[in-house]
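K.L.:
These protein sequences, in sequence, are chains V and C. At position 128 of the first sequence the residue is numbered 127 (numbering that gives the first Met the number 0), and the sequence of numbers has no breaks. At position 192 of the second sequence the residue is numbered 191 (numbering that gives the first Met the number 0), and the sequence of numbers has no breaks.
None of the hints are false.
Here are the simulated DSS-like pairs of lysine-lysine, each with C-alpha atoms no more than 30 Å apart in a straight line:
{"#": "1", "chain 1": "V", "residue 1": "Lys-40", "chain 2": "C", "residue 2": "Lys-225"}
{"#": "2", "chain 1": "C", "residue 1": "Lys-230", "chain 2": "V", "residue 2": "Lys-40"}
{"#": "3", "chain 1": "V", "residue 1": "Lys-40", "chain 2": "C", "residue 2": "Lys-229"}
{"#": "4", "chain 1": "V", "residue 1": "Lys-40", "chain 2": "C", "residue 2": "Lys-180"}
{"#": "5", "chain 1": "C", "residue 1": "Lys-175", "chain 2": "V", "residue 2": "Lys-40"}
{"#": "6", "chain 1": "C", "residue 1": "Lys-180", "chain 2": "C", "residue 2": "Lys-229"}
Derived from the structure by calculation, the hints contain no laboratory data.
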Amino acid sequence: MRAALLALVILTAAVAAAQEIDIFDPTDFVDPRARGTVFQKDGLGVEENGMNFALVRVYGGRVFDYQWRNTSTEANPYFVNLTSSFYRGDRQFNLKLTKFSADSATSIPTLRTTFQAGQYFLASNIASRVLATVAVERNPYSSGEIHRERYQYEFGLQTDVEIRFPKPIGSLDHIDGSFIWMRRRISEHTYVDRLSYLYRFRERQRSNGRLQLNASLGFGAERANGWQCCLARGVFTATYIVPRIHVGVNAAFAPTFSPAGGGRRSHHEVAIYLDRTVLSWLGDIATK
Amino acid sequence: MSSRSKSLFLVLIAAAWSAAAQQPSCEGANAAAVKVVLDGCGGFEPEGRFTVEYGTEPITVDPKTGYWLWTAPNDDMKFKIGTRPLHIPPESIPRALAKCKTTASAVRDGACMAVYVVKCEPLWFVKVGMVPKGDPPSLTYERRGNARTIDACPREDPPLGPGQVNLANSESLLVKIDRPKCQIPLGRNSFPRGREELTLADVPVNAVSEGAAIAQSTANDEVAKKALQKKVKEMRFSTKE
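Here chain C stands alone, though its shape is the one from the complex (with noise of 0.2 Å):
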C-alpha cells in the first residue's frame, strides 16, 4: 500500500469513528419513544389501541401514532436499548399469532426509538363437528408446526371434543381419535380450493398401531376409516367462519 492509500485509509476510519461518535445515544435517558411493527400479519388493521407488555410493564400502543412515549417511572430507572422483550398477548391480535418475545433493534429511526419488528402469522381456523351413532369417540387435537412456525408462546389449548382450532398459517392439524385408535391429518391444502367443508370421506385417515410388527399399512387405515365411519353418523370439518 502506497503512503497516499495509506493516508486515505486513515482518514476514512477516522470519518467512521466521528460520524459514530456523533450518533446520540440514548443509554441512561428516562424517557424513549418505543415503536411496534407487525410483520406478516396477513393484512391485519388493529381497530384501536391494543396493550404490549413492554418487558413486565403493560404499555397501550396507539396504531396510529405507531410508537409509544416510554417514560421512566423514577429516577433510577434508566433506558437501554435492548434489554426490555416485547410481548404482545395473544388476544391482542385475535386473528394473528405473534412472536412471543421480540427484542428491540438498533436506534436508526432516531434517538431513543425502540423498534420491535413483531413477527405473526395469519390465523387459520377449523371446525370439528361430530354426530355420534352412540357412546361418542373423544377427540383430542395436536397443531403441528414446522421451521417457518412463529415461536409463539403458549396458547390456549385446544377444545376436548367437537369444536373450532385456531392454527398459524405454517401450522397443520392433527385430529386425534380414541376408538378407533386413529389420527386424520389437516391442513391448509387439505381444502381444495372453492371448498371449505370436508366429510369423513374426503380426508384420510391413519391407523395408530404402535403395537405392531408392521406400524403403518394401508390396509390398517382403511380397518380404523372403516371403524371410524361406524361410530360417527356424520364427522365435518370447516373452515367456515
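With the rest of the complex left out, here is chain V (with noise of 0.2 Å):
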C-alpha cells in the first residue's frame, strides 16, 4: 500500500514543471559495463576503468511553439544542437553548445552553453547516474530599457534510476526515469527552482531498427514566489535513419498541460529535425 502510494506520488502528485529537457536533447546515458567498466563490489567505483568513449553529435532543425524551460515562448526558433560526451571509467562529461535563430520579438535566449558532469554506480545491479549541470545562457531580456545581466546561468542535479516496487503493483514492477531539480539565478538573491520527474518508456523499433518511436512523460514544479504546480508534458518522437548516410531525420510533438497561472493552458511544441554523429571514438582497454 505505501508503495503504491508512492508510485502515485510520484506519477501524478510528484508536480512537476514541464519537461526540463530539450524537445530535441538527445539521452546520452550509457551503461558504463558497456564500455567494459567493472564496478566494485558495493556498486561505488570501478575495479577496472573499461575502455575510454568520446561521442560528438550535431542536431539542427526548427521548433515550432518551443517550450523554453518551463514557459511557453510561441516563437518557432531554428536551432542547432552540438553535444559532446566523454566517457571514463564511472564518469562521464558533458559540453553542450545550442544556439537558437529566432524572429527578435521573441524572447528566448539565443545561445546556450553547458556543462555537465555524470557519476555512474550500480544499484541492486542496475546502472544509475547522478548527473551534476551548470548551464549558461544569453539573457533575452538584456536588450530592454531595464539594465539586466547579459548572461543568466542556472545549476542542478538529475539522478536517473529504476525504481522497483513490490509485486503487487503488477505492471509498475519498475519505472525508469530520471528526478530533476534545477536553480535558475534571476538576479541577485533571486532564484527559481524547478522540480520535475521524467519517465521515459521502452523504445519500440520497426523497419528493423531504421525507425526508432521514443516517448516520455514529465512531471513537475516551480517555486517563484511559492510553489506552482503542475506541469505535464509528454515527448513523442519519431526517428528515421537514413541508410547509407546514417542521417536521422526527427520529427517530435510535444503536448504541455500547465494548470497554474494565467493564459493558455495547453501548448503543442512540434519540431523536425536533423540529427548526425560526428565522431564516435572508442579507445582501447584503459588501466586504472
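Both chains come to you apart, so use the hints to assemble them.
P.N.:
Printed below as a string of C-alpha cells:
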C-alpha cells in the first residue's frame, strides 16, 4: 500500500514542471559495463575503467511553439545543438552548445552553453547515474531599457534511476527515468527552482531498427514566489535513420499542460530536425 | 407478407433443401480424392512428386494431376472430410514456408474430393559472415514474424555462429551477439534495391542493456557498434545465393 502511494505520488502529484530537457535533446546515458567497466562489489567506484568513449553529435532544425524551460514562448526558432560527451570509467562529461535563431521580437536565449558531469553507480545491479549541470544562457531580456545581466546561469542535479516496486503493483514493478532539480539565478538573491520527474517509455523499433519511436512523460513544479504546480508534458519522437548517410530525420510532438497561472493552459510544441553523429571513438582498454 | 409471397418463399426453401439433398455425400466412402492447392508460394513449381502427410499417413501428390486418390486401407476406415489435417514437411517445398496443418475445405470440387488450400510464403535467405580479430563473439539468431507470418510447424533451428538462415517473406532476423551484448535487426528492406550485401557500417546495432536505468539511447548503440567493430575485422550480411 505504501509502495502504491509512492507510485501515485511520483507519477501524478510529484508535481511537475514541464520537462526539463529540450524537445531535441538526446539521451546520453551509457551503461559503463557496455564499455567494459567493472564496478566494485558495492556498486560505488570501479575496479576496472574499461574503454574510454567519446561521442559528438549535431542536431539541427526548427521548433514550433518552443517551450523554454517552463515557459511557452510561442516562438518558432531554428536551432543547432552540438553535444559532445566523454566517458571514462564510471564518469561522464558533457559539453553542449545550443544556438537559437528566432524573430527578434521573441524572448528566448540565442545561445546556451551547458556543462555536465555524471557519476555512474550500480543500485541492485542496475546502472544508475547522478548528473550535475551548469548552464549559461544569453539573457533574452538584457537588451531592454531596464538594465539586466547579459548572461544568466542555472545549475542542478539529475538522477537517472530505476525504481522497483513490490509485486502487488503489477506492471509498475519498475519505473525508469530521471528526477531533476534545477535552480536558475534570475538576479542577485533571486532564484527559481524547478523540480521534475521524467519517465521514459521503452523504445519501439520498426523497419528493422531504421524507425525508432520514443515517448516520455514529464511532471514538475516551479518555485518562484511559492510553489506552482503542476505542469505535465509528453514528448513523442519518431526518428528515421536514412541508410548509407546515417542521418536521423526526426519529428517530435510535445503537448504541454499547465493548469496554474493565466493564459493558455495547453501548448503543442512540434520539432522537425536532423541529427548526425560526427565523432564516435572508442579507446583501448584503459588501466585504472 | 401476402399469401402469394409466402407461397413463393416456401417454394424457394423447398428447392434449396432438395438441391442440398441431391448433393452426393462422401461420408462413409472408402475412396476419395485429395487435392492440394499451394497458395502464395511465390511461383513455387515442384519439379516432381512431393510427399504430404494425410493425417499420419504419408502420401505422394503428383503435381501434374494435382490430386491424390485415397483408398481406405481396410473396410473399417471410412473417408470423412475435415477429419484429417494435411501437413507438408518443410523439406518438400525447399523455397517456401508452408502452413503447418491445413484442413480440407468443402466438397465443391466434386464428390469425395478433399481440397486442401495450403498457404505458404516464399523464403529468403540471409548469409552472415564474420572475420573476427581474436576471440570471436558468439552469434545466435532469432526469426521474428508478424501477424502475416504463416503459422508453420517447428523449423530447423538457425545455425550457431556464421551461416545462412532461411526466413519467410514476412519475417525479419535478429542477429544476437554476446560480446559486446548487442543485436542487429535485418529485414528485407535492410537491403536497398540493387544491394545484396551489407557490411557492419550499413546496419543498425542496438545495444542490449536491460540492467540500466535508461535502457535505450543512441549513445549506447554507438558504443555497442564501436565495440563490435573492435572485435571483428569484417562482418557481412548477404542475400546472394
